[in-house]
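Sequence lines, in order, name chains H and S. Numbering-wise, the numbering used here puts 16 at position 16 of the first sequence, and it's gapless, one number per residue. Numbering-wise, the numbering used here puts 1328 at position 328 of the second sequence, and it's gapless, one number per residue.
Don't read these hints as lab results, they were simulated from the structure. Don't be surprised by glycine CBs; every beta carbon is placed ideally from N, CA and C. Please note that a few of the clues may not be correct.
Residues on chain S that point at chain H, a partial pick, calculated with CB under 8 Å [claimed, not checked]: (1) Leu1040; (2) Gly1160; (3) Leu1163; (4) Lys1171.
Below are the SDA-like pairs computed for lysine to any residue, each with C-alpha atoms no more than 25 Å apart in a straight line [to be verified]: (5) Lys1097/S <-> Tyr100/H; (6) Lys1171/S <-> Ala95/H; (7) Lys1171/S <-> Ser20/H; (8) Lys1146/S <-> Gly16/H; (9) Lys1171/S <-> Leu23/H; (10) Lys29/H <-> Lys1097/S; (11) Lys29/H <-> Trp1153/S; (12) Lys1171/S <-> Lys29/H; (13) Lys29/H <-> Pro1212/S; (14) Lys1471/S <-> Asp1180/S.
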Amino acid sequence: MAESTLSNFWIVLGLGLMTSAGLRLVLEKPPLKRIFGLTVLSHAVNIFLLLAGISSTRELHPAVLSGIVPFEKLLDPLPQALILTSIVINFGLLAYLLIYFLTAERGGKT
Amino acid sequence: MFLFFILPICAALLLRIRAFKRSEACRRALVLAVFILLSLQFLRFVAASHSLPYVIVAGFWPHYAGIVWMIDGISLVFCIAVLVVYLPVAWVFCEAKNPNHLMFLHFLLGFSFGALLSGDFFNLFVMSELFLIASFAVFFSAETLKSARLYFWIQILGSGVFLLAIAFLYKTHATLNFADFSIRFPSQSEHTRDVLGSLFLFVFLLKAGSFPLLAGIPSAYSSLPTPWFAFLAAISAKLGIYAALRFLILTNGEFVHAHPIIFFVLGFLTALLGWIGALGSLTLRKRFLYFAISHIGFFLICTEAVFLAAGHYALAAILYFLPFDCLIIAGLVLSESDQKESDAEEDMTPFQMRWPLALLLLAGSGLPPFAAFWSELAALKGSVTSKFFFASLLLYGVCNLYVSARIWLLLFWETRPRKVRVEAIFCALACLFAVWMGIAHFDWYEEIGRRTKEPLILIKRFHDSSRQIEKVREGGR
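Generate the whole structure from the sequences, applying the supplied hints.
Below, the structure written as structure tokens:
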């Protein structure tokens, strides 16, 4: 239990660091830094989603790859599905922002 | 119900085929086919409105484990609002040489239906994000990019907060489904409910274009080509209003009861900003956009009135006026295009050229027997017991009438000749339909409002659908 709490602590610490770094970068003026900050922030939110799925400190197994495991010992798969979807959406948004940034750099020639 | 999402996406993909790319007639046929098919489906739901809501669980999973689609009175009316704006805008795009405009319009149509028919928060997030990304794509020219910078950053901030709200919701409620969320919400602590309400409503009000989060909208939308301007000005904010209304209904207006003044103040400030903008803007496009923003203020005031004073009357007011408001805004904006063609119309009298505009402005002004009047009357009728709401709605009505009259005077007496597009005439004539609906069928909206204000029916349908699936599964074993 102590080990699990410790690992949760590292995740929360990472989440805090990523959020603060992301916010710092978003407030910068150069657009590329802002875009990078948004990416970091979105990953921080994804980690928060991952934390939302950890409901207890017992040993949990992935839902698909662990063979025959009782239902109550399976890891909640929903946050992982949510994270996957949000990564795809964030990727689309990031691609758009980068193209937007490049277009602005080139003086609006699309 | 799945058709609403799939059909527009298929139509968008069809537009990549050479025949549709090159032939205007093929494009018009496709647009008509999509419109007729979707209209028939919606008419079926309108005819069966007494048995709404319907729930469809995708993938044969129970509602809490799979993707759920649902249609009730609110989503039905909002979907109809999107559809009625789709036809005139798509008709204009059929003339465009570049078929990509029409393709993106179909994507936006599919994603907006997806957001309106989604039965859980994550699909709502996914669909609104896809709608947002597809709508960003229409800003792709140097001029529009420059003017939409603030709009982009505000919307992206909203997306981040939306995802954060969903993570917090899952952490605290262990569900993202509307029905289960509605059951578990009252048992949460006051702080949790407040944080959740603040996060979600911040995002939804941002999408609705509420004060002060509408900062980037006027410059961004008004720089777009006219049909895009018409579609986004009419529809984009309505998705935010739908989401806010849905959230508040699922929580029985808990947030509004706890903080009774917030929606009212935001609504009134939005309307005020809209009126000031409509009177003070230099271009007609911005005037129309600010006029639309002032109507958003009315919807926000009514949203609060649904839970504090007017009950289902206020909901009926929103449901009745919303599709016609979309038509009014789209019609006004579409009428502003093609100024070059207007040179040939100099022999026409001002009235011949401007009667559709006059009709659209009358419909939005609140004068009897036009659309806004019935909506304001229903909201006033419901809030007779609350002096505060009654006085505010009355004040709103008077100010709205004044602003409409000022825009009307500017339009009618300006010296420049103007040709009104056939699509704007369609919108104006459709607004006449509102007169008939207001006189003869307003009780239908009241009934829909009464049924959808109560989340218990929705919850029951969700659980019934899961029970049926479990029975079939057990039978299969």
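Hints and how they fare:
Checking Leu1040/S against chain H: minimum C-beta separation of about 32 Å lies over 8 Å; hint violated. Because the beta carbon of Gly1160/S sits about 6 Å from the nearest beta carbon in chain H, less than 8 Å, this interface hint is met. With a cut of 8 Å, the hint placing Leu1163/S at the interface with chain H holds, because the nearest CB-to-CB distance is about 5 Å. The beta carbon of Lys1171/S is positioned within 8 Å of a beta carbon in chain H (closest approach about 4 Å), and the interface hint is therefore held.
A threshold of 25 Å between alpha carbons decides the hint, and for Lys1097/S with Tyr100/H the separation of about 24 Å falls inside it, so the pair holds. Under the criterion of a C-alpha separation no larger than 25 Å, the hint pairing Lys1171/S with Ala95/H is inconsistent with the structure, at around 30 Å. Among the hinted pairs, Lys1171/S with Ser20/H is consistent with the structure: their alpha-carbon atoms are about 21 Å apart, no more than 25 Å. Restraint check: the Cα-Cα separation between Lys1146/S and Gly16/H comes to about 33 Å, which exceeds 25 Å; the hinted pair is violated.
Between Lys1171/S and Leu23/H the CA atoms are separated by roughly 23 Å; this keeps the pair inside 25 Å, and the hint holds. For the given pair, Lys29/H sits about 39 Å from Lys1097/S by alpha-carbon distance, which is inconsistent with the 25 Å threshold. As the CA atoms of Lys29/H and Trp1153/S are separated by approximately 12 Å, the hinted pair is consistent with the 25 Å bound. With a CA separation close to 34 Å, the supplied pair Lys1171/S and Lys29/H exceeds the 25 Å bound.
As the CA atoms of Lys29/H and Pro1212/S are separated by approximately 22 Å, the hinted pair is consistent with the 25 Å bound. For the proposed pair Lys1471/S and Asp1180/S, the alpha carbon gap of about 20 Å is at most 25 Å, so the pair holds.
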